[in-house]
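A.B. asks: Chain by chain, the residues:
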Amino acid sequence: DAMVIQNPRYQVTQFGKPVTLSCSQTLNHNVMYWYQQKSSQAPKLLFHYYDKDFNNEADTPDNFQSRRPNTSFCFLDIRSPGLGDAAMYLCATSSPGGLKNIQYFGAGTRLSVL
Amino acid sequence: DQQVKQNSPSLSVQEGRISILNCDYTNSMFDYFLWYKKYPAEGPTFLISISSIKDKNEDGRFTVFLNKSAKHLSLHIVPSQPGDSAVYFCAASGLNSGGSNYKLTFGKGTLLTVNP
Chain A
1 DAMVIQNPRY QVTQFGKPVT LSCSQTLNHN VMYWYQQKSS QAPKLLFHYY
51 DKDFNNEADT PDNFQSRRPN TSFCFLDIRS PGLGDAAMYL CATSSPGGLK
101 NIQYFGAGTR LSVL
Chain B
1001 DQQVKQNSPS LSVQEGRISI LNCDYTNSMF DYFLWYKKYP AEGPTFLISI
1051 SSIKDKNEDG RFTVFLNKSA KHLSLHIVPS QPGDSAVYFC AASGLNSGGS
1101 NYKLTFGKGT LLTVNP
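Heads up: the sequence lines are chains A and B, in that order. When we follow the numbering used here, the leftmost residue of the first sequence carries the number 1, and every step to the right adds one. When we follow the numbering used here, the leftmost residue of the second sequence carries the number 1001, and every step to the right adds one.
What the hints contain is simulated information worked out from the structure, not anything from laboratory work. Note that this is a predicted model, so its numbers are computed, not measured. Some hints could be false.
Unchecked claim - Pairs of lysine-lysine residues, derived as DSS-like cross-links and limited to a Cα-Cα distance of at most 27 Å, are as follows:
#1 Lys1071(B) / Lys1056(B)
#2 Lys1054(B) / Lys1108(B)
#3 Lys1068(B) / Lys44(A)
#4 Lys100(A) / Lys1068(B)
#5 Lys1005(B) / Lys1108(B)
#6 Lys1108(B) / Lys38(A)
#7 Lys52(A) / Lys100(A)
#8 Lys1056(B) / Lys1068(B)
#9 Lys1071(B) / Lys1054(B)
#10 Lys100(A) / Lys1005(B)
#11 Lys38(A) / Lys1005(B)
#12 Lys1108(B) / Lys44(A)
#13 Lys1054(B) / Lys100(A)
#14 Lys1005(B) / Lys1056(B)
#15 Lys44(A) / Lys1005(B)
Whole structure, please, built from the sequences with the hints as guidance.
C.D. replies: The structure is reproduced here in structure tokens:
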């Protein structure tokens, strides 16, 4: 059974039209992450929530926002998508403890911008 | 500036033979390393990990070796099977300047193809 679920799997939006991607988890993990991955590139961390604390990466554009209304759900909002924002968006969760940090990923949402 | 590098974009191996995937890192603060496997249209799946206090970790057909002095790790798959064909990502974590050790830095991945 999928433990990290991303919806939708494929999203098409228009240039400049706001879009929201969603992620839910059944693992009860306290950390949730959003990554952007472009073709043949490493997944790039955009931001993460540690419980309710939001942590933005320094190079994440302001165009990207996130919300975490409760432990199970996390949303990625792209306020004005540009052509360069077309990518796979991956959500992950973890429950950090000691040295180990295994992140569990959803299947991703592939975003196309027309 | 890539802190985790996988210099081989692809690797092709015959079924039954050994697959060796390599990964180099530059940040000496990294102390935990992971390999993820990704099939098309799926998210990355955790495969195996190693702590910096070890130099080898084995799980069935999969073994990860860590050479801290060279800042190099490798994933060995023996014997390779067609179902192992996927993209393999190397990732690392460590206490960073922000005081957290739970963020991962990924390499670009290596596409492994195991031919029957």
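A.B. asks: Does each hint hold? Answer for all of them.
C.D. replies: Now the hints, each set against the structure:
At roughly 14 Å between alpha-carbon atoms, lysine 1071(B) and lysine 1056(B) fall within 27 Å of each other, so this suggested pair holds. Distance hint between lysine 1054(B) and lysine 1108(B) is fulfilled; the C-alpha atoms sit about 24 Å from each other, no more than 27 Å. Under the criterion of a C-alpha separation no larger than 27 Å, the hint pairing lysine 1068(B) with lysine 44(A) is consistent with the structure, at around 24 Å. About 18 Å separates the Cα atoms of lysine 100(A) and lysine 1068(B), which keeps this hinted pair within 27 Å; it holds.
In summary, the hint linking lysine 1005(B) to lysine 1108(B) is supported, as the alpha carbons are separated by about 7 Å, within the 27 Å threshold. Proximity of lysine 1108(B) to lysine 38(A) is assessed by CA-CA distance (about 10 Å); at most 27 Å being required, the pair is judged to hold. With a C-alpha separation of about 21 Å, the suggested pairing of lysine 52(A) with lysine 100(A) holds against the 27 Å cut-off. With a C-alpha separation of about 11 Å, the suggested pairing of lysine 1056(B) with lysine 1068(B) holds against the 27 Å cut-off.
Between lysine 1071(B) and lysine 1054(B), the direct Cα distance comes to roughly 13 Å. Compliance with the 27 Å bound is thereby established for this hinted pair. Between the alpha carbons of lysine 100(A) and lysine 1005(B) the distance comes to roughly 21 Å, so the proposed pair stays at or under 27 Å and holds. For the hint pairing lysine 38(A) with lysine 1005(B), the CA-to-CA distance comes to about 16 Å; that is within 27 Å, so the pair holds. Using a Cα cut-off of 27 Å, the hinted pair lysine 1108(B) and lysine 44(A) holds, with the two alpha carbons roughly 10 Å apart.
Annotation: proposed proximity of lysine 1054(B) to lysine 100(A) holds, straight-line Cα distance about 13 Å (limit 27 Å). Using a Cα cut-off of 27 Å, the hinted pair lysine 1005(B) and lysine 1056(B) holds, with the two alpha carbons roughly 20 Å apart. Of the pairs offered as hints, the one joining lysine 44(A) and lysine 1005(B) holds, with about 14 Å between alpha carbons and a cut-off of 27 Å not exceeded.
Checked against the numbered hints above, the structure violates none of them.
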